[in-house]
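As you go down the protein sequences, you meet chains Z and Y in turn. For the first sequence, counting from 1, position 200 maps to 200 in the numbering used here; every step adds exactly one. For the second sequence, counting from 1, position 46 maps to 46 in the numbering used here; every step adds exactly one.
Rather than coming from a laboratory, the hints here were simulated on the basis of the structure. If a hint is listed, it holds; no wrong ones were tucked in.
Using 20 Å as the maximum straight-line C-alpha spacing, the simulated EDC-like pairs for lysine to aspartate or glutamate come out as follows:
(1) Z:Lys-118 to Z:Asp-129
(2) Z:Lys-65 to Y:Glu-156
(3) Z:Lys-65 to Y:Glu-159
(4) Y:Lys-203 to Y:Glu-167
(5) Z:Lys-139 to Z:Glu-192
(6) Z:Lys-143 to Y:Glu-123
(7) Z:Lys-2 to Z:Glu-55
(8) Z:Lys-191 to Z:Glu-142
(9) Z:Lys-150 to Y:Glu-55
(10) Z:Lys-139 to Y:Asp-33
(11) Z:Lys-150 to Y:Asp-33
(12) Y:Lys-143 to Z:Glu-123
(13) Y:Lys-143 to Z:Asp-33
(14) Z:Lys-139 to Y:Glu-123
(15) Y:Lys-65 to Z:Glu-159
(16) Y:Lys-137 to Y:Asp-127
(17) Y:Lys-150 to Z:Glu-55
(18) Z:Lys-150 to Z:Glu-138
(19) Y:Lys-139 to Z:Asp-33
(20) Z:Lys-203 to Z:Asp-189
(21) Y:Lys-139 to Z:Glu-123
(22) Y:Lys-150 to Z:Asp-33
(23) Z:Lys-143 to Y:Asp-33
(24) Y:Lys-203 to Y:Glu-142
(25) Y:Lys-203 to Y:Asp-189
(26) Z:Lys-118 to Z:Glu-17
(27) Y:Lys-65 to Z:Glu-156
A short, non-exhaustive set of chain Z residues, derived as facing chain Y with CB atoms under 10 Å:
(28) Thr-77
(29) Gly-78
(30) Ser-81
(31) Gln-83
(32) Leu-84
(33) Ala-85
(34) Asp-88
(35) Glu-153
(36) Glu-156
(37) Gly-157
(38) Gly-160
(39) Cys-169
Since we're looking at a predicted model, the values are computed, not measured. Idealized CB from N, CA, C, for every residue including glycine.
Number of protein chains: 2
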Amino acid sequence: MKNVPYQTVFVELPDIEPLAKRIGAAPTGTRSDGVTPLYTVPIIQDHATGAVVSESAAIAAYLDKAYPSSGATLIPTGTKSLQLAFRDAVSAHFSAFRGFMIQGISPNMNDRTVALLKTRLSEQGIDYDAVFASEDKEKVWEKGMAGFSKIDEWFEGNEGPFVMGSEPCFSDAVLGAFLRYCRAAFGKDSKEWRNIVSQNGGKWVRYLENFAPYETIL
Amino acid sequence: MKNVPYQTVFVELPDIEPLAKRIGAAPTGTRSDGVTPLYTVPIIQDHATGAVVSESAAIAAYLDKAYPSSGATLIPTGTKSLQLAFRDAVSAHFSAFRGFMIQGISPNMNDRTVALLKTRLSEQGIDYDAVFASEDKEKVWEKGMAGFSKIDEWFEGNEGPFVMGSEPCFSDAVLGAFLRYCRAAFGKDSKEWRNIVSQNGGKWVRYLENFAPYETIL
Chain Z
1 MKNVPYQTVF VELPDIEPLA KRIGAAPTGT RSDGVTPLYT VPIIQDHATG AVVSESAAIA
61 AYLDKAYPSS GATLIPTGTK SLQLAFRDAV SAHFSAFRGF MIQGISPNMN DRTVALLKTR
121 LSEQGIDYDA VFASEDKEKV WEKGMAGFSK IDEWFEGNEG PFVMGSEPCF SDAVLGAFLR
181 YCRAAFGKDS KEWRNIVSQN GGKWVRYLEN FAPYETIL
Chain Y
1 MKNVPYQTVF VELPDIEPLA KRIGAAPTGT RSDGVTPLYT VPIIQDHATG AVVSESAAIA
61 AYLDKAYPSS GATLIPTGTK SLQLAFRDAV SAHFSAFRGF MIQGISPNMN DRTVALLKTR
121 LSEQGIDYDA VFASEDKEKV WEKGMAGFSK IDEWFEGNEG PFVMGSEPCF SDAVLGAFLR
181 YCRAAFGKDS KEWRNIVSQN GGKWVRYLEN FAPYETIL
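Just chain Z, same shape as in the assembly (with noise of 0.2 Å):
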């Protein structure tokens, strides 16, 4: 989206931490004892300058001011409230799928990715083996499928496809990673994903299509 040549490295959940040590990443929060250090990707390592830096939203903004005449603005002046309100909005609206996608992608995970993500969840409360045997599976799906709608609903009268219009922003990268996160932890043939492809119009694979000029080939 910034116009700027990129590698990208796949990271296994439990190499994170000692990655992100080694290239002097910062953790990005804490874990839930609310004092170990949390580390995450994205992480950004630019050679041309020596930056590394974590946190997407502080990518997004390193990005504008190291690259401020390449590609998109990512983060116009004036938005950056509005745009990790956006982000914290779409993720509320995403987290009815968390059984779902935590259920779809496993089988394509590293058992060594799988036993971190169960100690994670377990440290949070949940159950991991549980938390898709619930009865409420319908209404959860239900209620998953209300978040498109509501999202859709921002979108009206827009002047372009994307959420500032016509170029992506942050809040774009955002809204497209959780829809190929989707994607790819059900599967592109799962029924999951042909009922999003249906919500809205089909608006949500036309939404991803636009972010074709941005893809790498993986």
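Dock chain Y against chain Z, hints included.
Leaving out everything else, chain Y in the frame of chain Z:
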């Protein structure tokens, strides 16, 4: 905020629908049955143009269009989706206070307004008399306080006291309204309001003070 002369007419809950119909204000949604039109305040009736507009974001858009060079621009170009997401996120954080606010504000309401409120809540499956009897009272309050800290994080590093900087926008009207609602519901001298006042280094009282130039004396 738009520096346009106005007069506020306060309306009791049961009087909103007949008033809206009389002046030709559209419903803003449906009741919990998903069918019956729902009429809400705010509604604006502009005697200069004859326009009648309901729903706060629509009112903001109307005012920007009808009075483009007067006062603040409530929804700067390209920010509409972001402003709606902001309202959604703030509303979700404040929802933790619903029980507290109902309890706090009820003694100041007329009987027929309380009666309608009870009916509407019961239609949503919420028992008005039990909503506050829960044992999780302290936990719910903590959740609300955590919401304030989350909102505070959005403001970090902002240039100016408002969401978008030195000028207030629609999102400020939303956040300011929720804060005023809390203050009115709990009472300025209540334990609850003092707790909010002490949160985030006194941020929320300072934030409300920024609205002083825009406030009518009630």
